[in-house]
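Using the sequences provided together with the hints, build the complete structure.
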Amino acid sequence: AQKVTQAQTEISVVEKEDVTLDCVYETRDTTYYLFWYKQPPSGELVFLIRRNSFDEQNEISGRYSWNFQKSTSSFNFTITASQVVDSAVYFCAGGGATNKLIFGTGTLLAVQP
Amino acid sequence: DGGITQSPKYLFRKEGQNVTLSCEQNLNHDAMYWYRQDPGQGLRLIYYSQIVNDFQKGDIAEGYSVSREKKESFPLTVTSAQKNPTAFYLCASSIRLGTSGVSGANVLTFGAGSRLTVL
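Same order as they appear, the protein sequences are chains A and R. Residues in the first sequence are numbered consecutively from 1, following this note's numbering. Residues in the second sequence are numbered consecutively from 1, following this note's numbering.
None of the hints are false.
For lysine to any residue, the following SDA-like pairs were computed, each having C-alpha atoms within a straight-line distance of at most 25 Å:
(1) Lys57/R x Thr105/A
(2) Lys38/A x Gly96/A
(3) Lys100/A x Gln41/R
FYI, nobody ran anything at the bench for these hints, they're computed from the structure.
Below you can see the structure in the form of structure tokens.
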């Protein structure tokens, strides 16, 4: 069975600090896909990134970066120079050959001004 | 603009009543999903449909029912058999597996959600 673990329930930082959100995805599949979504207070989940298990290159998009390490099943998300607008719940999710995604329990990020 | 519309945004229900949540998409997606979100439990899959007139149970289907008569619409009925229906419900859609050469789990586009409270 697949399992997504986000051990950090809540994180609070001060604006301009860097912050890393952890995610561990456990599966027996050799090919799988990992995702990060952002849920602002409005409630709608916003897609951030999709990676497959064959691509271990780090990805950078503006202030966001992602580090995937297959050996530890981790897919961590770093926000550099955090801003108040980054305050949200962040979900990690994983899926295999089907379209069914398994979500983690989410990490609530609070960025204080 | 293309997207997913969920209605109503807030809904109150008395115990023993059925209630239907609406989900409409104009993204031309074949696949649609219903997730339930509870505090501290993340998102759990209720039902999903890969194509019109076909749907499958997710991890927590008991007490819920769906229909998929049109590509654009995937309504969810919360029945009186659902013992703890108070939750935030999210509808999502995606392209179907194998479409456009994309293999494996696809990106989900979500609606803004419906918050159901049982009084």
